[in-house]
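Next come the chains, spelled out residue by residue.
Protein chains: 2
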Amino acid sequence: MDKRRLLLISSSGVHGRGYLDHAMPEILPFIAGIREVLFIPYAKKDRDAYAEKIREHMGREGIKVRSVHEFSDPVKAVIDAESVFTGGGNTFLLVTELYRQKLMEPIREKALRGMPYFGASAGSNIAGLTMKTTNDMPIVYPPSFDTLGLVPFTINPHYTDPLPEGLQAGETRAERLKEFHEWNDNPVVALRQEAMLLMENGSILIKGGQGVKIFRKGEEPEDLVPGEKLDHLL
Amino acid sequence: MDKRRLLLISSSGVHGRGYLDHAMPEILPFIAGIREVLFIPYAKKDRDAYAEKIREHMGREGIKVRSVHEFSDPVKAVIDAESVFTGGGNTFLLVTELYRQKLMEPIREKALRGMPYFGASAGSNIAGLTMKTTNDMPIVYPPSFDTLGLVPFTINPHYTDPLPEGLQAGETRAERLKEFHEWNDNPVVALRQEAMLLMENGSILIKGGQGVKIFRKGEEPEDLVPGEKLDHLL
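If you're matching them up, the sequences are chains A and B in order.
Residue numbers for the first sequence follow our numbering, beginning at 1 and rising by one.
Residue numbers for the second sequence follow our numbering, beginning at 1 and rising by one.
By construction, these hints were calculated from the structure, which means they are not laboratory data.
Hints may contain errors.
Any copy, or any two copies together, can satisfy a pair, since identical chains are not distinguished.
[Unchecked claim] No farther apart than 25 Å at their CA atoms in a straight line, the calculated lysine-lysine pairs in the DSS-like style are these:
1) K53 x K213
2) K53 x K178
3) K178 x K44
4) K217 x K45
5) K3 x K110
6) K44 x K102
Remember, predicted model here, so these are calculated numbers, not experimental data.
Turn these sequences into a full structure, and let the hints guide you.
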């Protein structure tokens, strides 16, 4: 039986609303019964400040948070965790530090065995097979682009449709993802800003205020809306 | 004596003009007297088509072009080259293939000894210390982010100022470059779309229709316009 429980949020902020506010209606039932969430702050440099921000926002909802960087043994912290939440920031930083701390494999194993894993932006991207469809700048060199592989595709967070003529600087996101498929075979699930994926009971449901676009090698992209499932990708 | 001769073009296309048209007034005097230019097509997948395009555009100006992928010994092709031009595309692809073909070092050595090197977009980015300020998607994993190091800074091509409120998706370019400086010390020269850098006689001059913005760690960015020099960075 497939035990995976994942909530993959495109963005921690959507226009006009506070940090994670739009995602709380999904986060709260997702971690119902969990006493403490383990936070992964590595996508940003100032880990103390980032952990404090998350603690404040989650605390308002009655969720207790500890950050993995506050533990002397981060691997043990993951092994003991009831749930893991990875925040957004720079995916290259996040992946570099997850490898350095040897946390990629423990998080993966726990999540495959049913520990609720949730993430926003870079934290959602790393649930995919690789980080190759991140939008971030490569400010540090990770030892690998391979990520958790909790879902059999790569994730492009913050998907944007082309801007009006003249405002589009350089290629569109869709053109970049097409170029990805010149060198890679796996599907890409592009999450619009307000989209989320909820995986439980062996099924992936689209949640949130916007839908997703699926890019497959050599095929036209497929648009799906909240309420529809991605089970054909499993 | 500093023998470097470099022409680093932000973009191969600017709004409303044909491929490289805006750069030709700089390219032609830069390679005056050169009989044949060696083209590096690795930033795009279809090398034959890319070489053909360059041959056509350069041919109109009377410049003969051969592409490095047409040689059985690419290293020898570089060693024998009178001038090297690297085209734009995906910087991750370009750097991966330059390492695979063992061309990074020969190009570097030739350029330091005075062979005219010119590039556009990804081809300009790799003249810097590292590719860490590229805007491209990491669709393949290069063996290193280190690049030619022909200039003592990194280059951000296609620099764009922030879009109006509401149209800016995610962080601005300036915010990304600030994040780069949380982990790296060297200056970044951000080239606006129509900007170019011309290095000769130990001096770097800003050319083209737009200027550059210099980002340094912990300092306010500095705006410079065409006609000004970057010699304080050397």
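- Query: Given identical chains, is K3 near K110, meaning Cα to Cα at most 25 Å, within a copy, between copies, both, or neither?
  - Reply: Only inside one copy: K3 and K110 sit 10 Å apart there, 57 Å across copies, limit 25 Å.
- Between the shortest in-copy and the shortest cross-copy C-alpha distance, which are at most 25 Å for K217 and K45: within, between, both, or neither? Between. Shortest inter-copy distance 15 Å satisfies the 25 Å Cα cut-off; intra-copy 35 Å does not.
- Item | Same-copy or cross-copy closeness of K53 to K213 [CA-CA at most 25 Å] | Answer is neither: 31 Å inside a copy and 32 Å across each miss the 25 Å cutoff.
- Item | Identical-chain pair category, K53 with K178, by Cα at 25 Å | Between copies only: 21 Å across, 36 Å inside.
- Message: Cα distance capped at 25 Å. Does K44 pair with K102 within a copy, between copies, both, or neither?
- Response: For K44 and K102, only the intra-copy Cα distance (18 Å) is at most 25 Å; the inter-copy one is 35 Å.
- When no copy is specified for K178 and K44, does a C-alpha distance of 25 Å or less occur within a copy, between copies, both, or neither? between (29 Å within a copy, 12 Å between copies)
Hint 1 from the list above is the single one not met by this structure.
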